[in-house]
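S.K.: Sequence:
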Amino acid sequence: MSGSWFPRRPIRRPRPPCVVFETCERRQVMSGTGLLPAYDLGTPVVADVWVDPVAGSDARGGGSRGEALRTLSEAWRRVPMGTELSTGVRINLVAGTYGESIVPNYWESRHGTQAAPVIIRAADGAGSARLPNMNVFDCRHLVLDGLDLTAGGGDVLHLERCTNVLVRDTTIRGTGDIAAYAAPQETFKANQCQHVYVERCDISGATDNAVDFVGVQYGHVVGCRIHRSNDWAMYVKGGSAYLTVTGNEFFDAGTGGFTAGQGTGFEFMVSPWLHYEAYDIVFTNNVIHDTAGAGMGVNGGYDILMAHNTLYRVGARSHVIEVVFGSRTCDGDQATCRGYLAQGGWGTTVVGGDEPIPNRNVFILNNVVLNPDGFASQWQQFTVARSRTPSAGSNIPDPARADDNVVIRGNVIWNGAADMPLGIESETLAADVLAYNSINTVRPRLVDPAGGDFRLDAAFLPPATVPMPTFGWSDAPARPAVPAGRTDTAVAYDFTGAARSGPQAAGAFASAGVAVVPPPLPQPPEAVSVQGVSLPAAGVRRAGDVLTFQIVMTAPVTVTGRPSLPLVIGTASRSAAFVGGSGSATLSFAYTVTRQDQDADGIALGTAVGVPAAAALRGPGAATVRVALPTVDASSIRIDTVPPRVLAVVVPAAGTYRAGDVLTFSIRFSESVTVTGTPYASLLVGRTPRRAAYVSGSGTDTLVFRYAIVPADRAPAGITVGRRLWLPAGGAIRDVAGNAALLSLAAPSTAGIRVRQAAAAPLRAVR
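Under our numbering, the residues of the sequence shown are numbered 1 to 767, in order.
If you're looking for bench data, these hints aren't it; they were derived computationally from the structure. Computed from a predicted structure; not experimentally measured. Ideal placement from N, C-alpha and C gives every residue a C-beta, glycine not left out. Any given hint could be a false lead.
[To be verified] Cβ-Cβ distance ranges computed for the label pairs, FRET-style: (1) PHE268 - PRO399: 22 to 30 Å; (2) GLY722 - SER573: 39 to 47 Å; (3) SER573 - GLY61: 36 to 44 Å; (4) PHE268 - VAL552: 52 to 60 Å.
Work out the full structure, taking the sequences as your base and the hints as a guide.
M.R.: Next up, the structure:
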């Protein structure tokens, strides 16, 4: 853990009650300075693995964005299982939606280290990688950074027997109607884990609890928004210990905001933390509002501090703060329950039994509770339970006390009428509470609580506060002995991360009379625009050729739907379709030339990328994407889909030709052509087929063919030229675009081209 910290701006939003999926769940943005605790990742050694759910392929190496895998399942498979890593793995998720089919069903047994963690991060900014629920077991040094986990069934994020887990800048959202119990039971649940750190997260949507820690030791929950649950917004129980919960906002919860402790099945606890529901929990600088039950409470805790919190509109069902018993039962595994009892743990082997877990050393100090006019707790200010008698053999002290060294001082409470009952059974504790708190005698003035600003008004002069206690551990249960936790509980900062110095006011914010200057409001992300256009190579293209264009953006862009790139070919409007690049800064578009296309002067591009109603382009952090195109000269890309054709055949002059004479034929095409191989023109000399072979003209529009007459040739009535040219195997006649020439010939007049041989000399008689 480091000594680095960060502040956060006050919240200024109205808080309408939410029933189903909330569009209002915008993650709080926090700056990187201040005093709120933050987990220090250090500078680990990691190998990068990239995943792109649209353009990736699991056949690739995955080492870069351009070589991204397609599925997160494959990326996770490549992390060695059950082996302590010497080199960490950072899985970079390109912006997009990762459906259940490409995500592991069970995230199991990846063992990172402090120097070599396993990191799963949204590569294009917090919230840009959207995943379903995650069920994680036996993982160590795991980091979830900037993810959006959204699910409608089961726990959205479930950790079991994990150590050193950091969840940062992540939305964990249960969808559905929580009032109808048609949503996840818990949004974020951690069972039997150690060193769990949750920072700057938005966690919501549960039929029971938004955050449920059972048997979690060491860690913190800092700077989060935790809300929309039927039961508690958050509790830590089952022997959870050494946790700091600070700088958070808890709201829209049923049973209550936050409690240290609650009730647990004995077998689900972890030795040696087998007595209290919670040990060494420091709950400070939090804002709790709009809860039907108590804003905060302790249910079976040891060394618990709840100090400098601000509560608003809490406790409508009954009371605003509670200190009551925790509960311990055995949920069926009687052998484990019996073993824990033998170790000295507090509990029972009776399935369905209920043993009271007491409180000891609970400090509720310097909090502000304001219930505005028209809103009050239904019955009383507090609930502090009277003593109970545990069952014989439970190992629980008899009598079990809920108020053993419970100190409630320095609080400013405005709730209901002046005669609202206190709700504390012990006369001694009740007298102390009345003497050392301001209950319905001083009305706190907050800046704008209805609008989300819960700071004390700078003009408000609150009563004096009390100093923080020192935790002692000498009175902790001896069998089994638990490790001693912190002793110093000083509150050195406030909700925003601002330092607390000098006389302090009650509540989550710095002392009255000193206006807290929040960090600057986060500016909207800079708009993404087109930086340049990469064109296909200059040249002449024919039908079937593919023109590929790349639009280079100033930042990575996530694409949904089918945007297009407008083109003008000749006088016709055409569109190049989007083919890839979502999540990167380079978007690719392609157009296949058709036979109807023709443009001798060169094509042109439109003025902007076409984005139909069903498509969208989003920059990092939902930045606006401007799609205007710069002026680009694409005239060097010409389109020629018309094949060359023969315009004329020039034949030899009419006359009589004999052996050794050469007949030359010139064939003129509609455009320049290139010749491959040795084409020929077919001739009929008399009744004998002959060939006039190609001799020259490639690269021009006129090809020359020749035939040399042999002694056997006779054509007294003229020769005949065939109706087409012929190509040898592999031969071709094409224009510069590659269009194959049409080889048909118009029949020329060749009747005057006659072939005769010289008459033989007469024989002489020899005498």
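S.K.: All hints are to be evaluated individually against the structure, with a verdict given for each.
M.R.: Verification of the hints:
1. PHE268 - PRO399: 22 to 30 Å: Holds, since PHE268 and PRO399 (Cβ atoms, about 26 Å apart) stay within the stated range.
2. GLY722 - SER573: 39 to 47 Å: 44 Å, holds
3. SER573 - GLY61: 36 to 44 Å: Given range 36 to 44 Å: holds, Cβ gap about 41 Å.
4. PHE268 - VAL552: 52 to 60 Å: 55 Å, holds
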